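Engineer: Could you slot chain B onto chain A? The hints should help.
Protein chains: 2
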Amino acid sequence: MFDSELLFSGAFKNLKGNIIRELYKYTTQPGFISFAGGNPSPQTFPNEILADLSAEVLRNNGVSCLQYGVSNGQMPLRQYVAETMTAEQVPTAVENVVITSGSQQTLDLLAKAVINPGDRILVESPTYVAALKIFSIYGAEVVAVESDDEGIIPQALKEELEKGPVKLIYLIPNFQNPTGITLSLERRKEIMDIVQHYNVIVIEDDPYGKLRYSGEAVPHLKTMDPQGQVVYMGSFSKIIAPGLRVAYAVCDEKIAQKLVLGKQNNDMHTPSLTQLIVYEYCKRGYLEPHIQECCKLYTQKRDTMLNMLDKYFPKEMHWIKPDGGLFLWSKLPEGYSAMKLLDYALPAKVAYVPGDSFFADESGINTMRLNFSTATEEDMEKGLKLLGEQIENYLRDSK
Amino acid sequence: MFDSELLFSGAFKNLKGNIIRELYKYTTQPGFISFAGGNPSPQTFPNEILADLSAEVLRNNGVSCLQYGVSNGQMPLRQYVAETMTAEQVPTAVENVVITSGSQQTLDLLAKAVINPGDRILVESPTYVAALKIFSIYGAEVVAVESDDEGIIPQALKEELEKGPVKLIYLIPNFQNPTGITLSLERRKEIMDIVQHYNVIVIEDDPYGKLRYSGEAVPHLKTMDPQGQVVYMGSFSKIIAPGLRVAYAVCDEKIAQKLVLGKQNNDMHTPSLTQLIVYEYCKRGYLEPHIQECCKLYTQKRDTMLNMLDKYFPKEMHWIKPDGGLFLWSKLPEGYSAMKLLDYALPAKVAYVPGDSFFADESGINTMRLNFSTATEEDMEKGLKLLGEQIENYLRDSK
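Those sequence lines, one after another, are chains A and B. Everything in the first sequence is counted per this note's numbering, starting at 513 for the first residue and increasing by one. Everything in the second sequence is counted per this note's numbering, starting at 513 for the first residue and increasing by one.
The set of hints was computed from the structure by calculation and includes no laboratory data. Check before you lean on any hint, since a few could be wrong.
Said to hold, decoys possible - Reference excerpt, derived from the structure (chain B facing chain A, CB under 10 Å, subset only):
no., residue
1, S516
2, L527
3, I531
4, P731
5, T735
6, G755
7, R757
No experiment lies behind these values; they were computed from the predicted model shown. For every residue, glycine included, the Cβ atom is placed at its ideal position computed from N, Cα and C.
So here's chain A without its partners, still in its complex pose (with noise of 0.2 Å):
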């Protein structure tokens, strides 16, 4: 009589695990080189210190640390949160700011805010797989935008524009996910001029933006945004620690509202003690040292996987130099697939991400991500060796 698959819901029946979850079981196989993780490398949690700092703040603050919160978030951590927006050129009250479990919350809780079935947005090509999960599991039609070597084109996300209603335009200005492509100073103007024209929320999801290597920071979408129609996700996942999962929306007090009521019908609050101890870690002044360890560790793994592409892959490959983050995007020529490839690459103990998957449309093929912030510099010399030659055999194989 009973049958759990006859009661799932549209989105849900056929829902399934992204290509990077379907992965580990390769990858944590003993012996496998695997750069299709997003995960910081561990060498940098500082978790000494957070030890330290989670017993103290139970012990003078347990109440706050444990009883019930509130859905907005702790009020220091938000004052945190805006002080340092404010010295972004955001200008930002507490407010503005709520504090999500983890951006990917943010998304999935604005999504559920703004989204009837059948509404359009807008995507980079390619862009952040779950962000695609996400807005497809609440039934939207999601458009990917033309996008080259520098990221999307505003000229193409005008005319998308011009097409019909937007509900959503989802971009990761710095360090792409999956492409590491940095959007300029000049298309974030372009941008930021066009969408002024049109009711639609910007979302800027900048995870990564703090884990710079080369070049210069530049501003903010959410510095160019006189409407406040842009919701600004920022992220202590990738510069402390992503177990903790506390990240943080700056928005338009009316969509914070919003997300708010969208947290209190889920998780009610993120917890208290992740919340608190994010909070004096970076009150006591630890974060900024903390990010410049990180980049001199990162900028270093970057180089190398540059310099071992440079040695290993054929010169059929085309990649992008990433400027921060904790990607790089790779092309095989035309007319291959990086999904085949995983046929040569998985029995060598060696693991990307295809890039397929991070598209909207049926495009990218070609294309594989590779993450450069996990690997041992050793592993990370014998598994681009390890691709190299496999994709090689792939090639040839395929003449």
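Structural biologist: Structure of chain B alone, referenced to chain A:
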């Protein structure tokens, strides 16, 4: 040009905060005595022990605490939950356990996984106010099933099931919120006999089950569930601390997988730190004696409330003695309004929750929820005396 009001989804356009949150602005004033909250007593919080445990897990197990974790939860905690559920006559494997960020998140994930707009959901009348909100956000038609002073009426449930397909039945069998009523073994058996003939999921929400002050424990619905149609929801919020936001669902593996997909696309995973703190607290044997301490304290508070009601409430009032939990349910005579009574109570600096918001239909105007876990004994006497006086004033003025 930009107007966010025009962008919100159908569900969020008119979504408001609930009455309990609205009352906060009164109840946080100095000198106010509130029976409106649903918080455990902060004097039960084991913050010193949690401080030690949190420092220890961060020091010894930093990477597990701080790196991205799996969406279904930390394996040791899932194993612990599986063992305790098995000991409570619910044979449970780790595959049946999903750790969530509070049971309310389980509700949200489950609702999202099964509800298509227009689907029918059956609830007790009255029931948990946030469940009503969550179901309605996903567009469900929520149907209140006739209930009496012993809880939901099985025959009435059957009649509603006969009327057409139902996706979910939402029940709080122990010390229900808001009524404090516990479903008898007989009614539980009757309900499970009925539901096995329908393709429907039964949610057994059990946040208070361990907080029993009188009477005998009654077996979970999930012990009478040969087809795996019950999703049991347990939580550490009321027996350790709500601020940690750690709860769990125990259910059929197929349903568990959908909950996990929902989490992957929401907060990704519950913070590993809070999960591991809870696990260590349980594993080291702190939980059982702590629950006994909580029960001792709350028994006293409940008995004080019952005594004060006898002493100060007018004879026209009706109330139900709860055998556990945090709430007591009271009724004004028919035709009177607990919402109107607030006009008397709030100026006298005493608060409760008017019961109508716990009803899916328009009934319950004369009902109110009184919480007995937070006020001190002294405040309880003072507050219930004040409230009794104001009820008398209201009844007299309305004659």
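Engineer: So, for every hint listed, does it hold in this structure?
Structural biologist: Results for each hint:
1. Nearest Cβ of chain A to the Cβ of S516 (chain B): about 5 Å, under the 10 Å cut. The hint holds.
2. Interface restraint check for L527 (chain B): the shortest CB-CB distance to chain A comes to about 5 Å, inside 10 Å, so the restraint holds.
3. Checking I531 (chain B) against chain A by beta carbon gives a least distance of about 12 Å; that is not within 10 Å, so the hint is violated.
4. Interface restraint check for P731 (chain B): the shortest CB-CB distance to chain A comes to about 20 Å, outside 10 Å, so the restraint is violated.
5. Given the 10 Å rule on beta carbons, the hint for T735 (chain B) is violated: about 16 Å separates it from the nearest Cβ of chain A.
6. Satisfaction of the interface hint for G755 (chain B) is found here, the shortest Cβ-Cβ separation to chain A being roughly 4 Å, below the 10 Å cut-off.
7. Given hint, R757 (chain B) at the interface with chain A, holds; its Cβ is 5 Å from that chain's nearest Cβ, closer than 10 Å.
Consistency note: the structure conflicts with the earlier hints numbered 3, 4 and 5.
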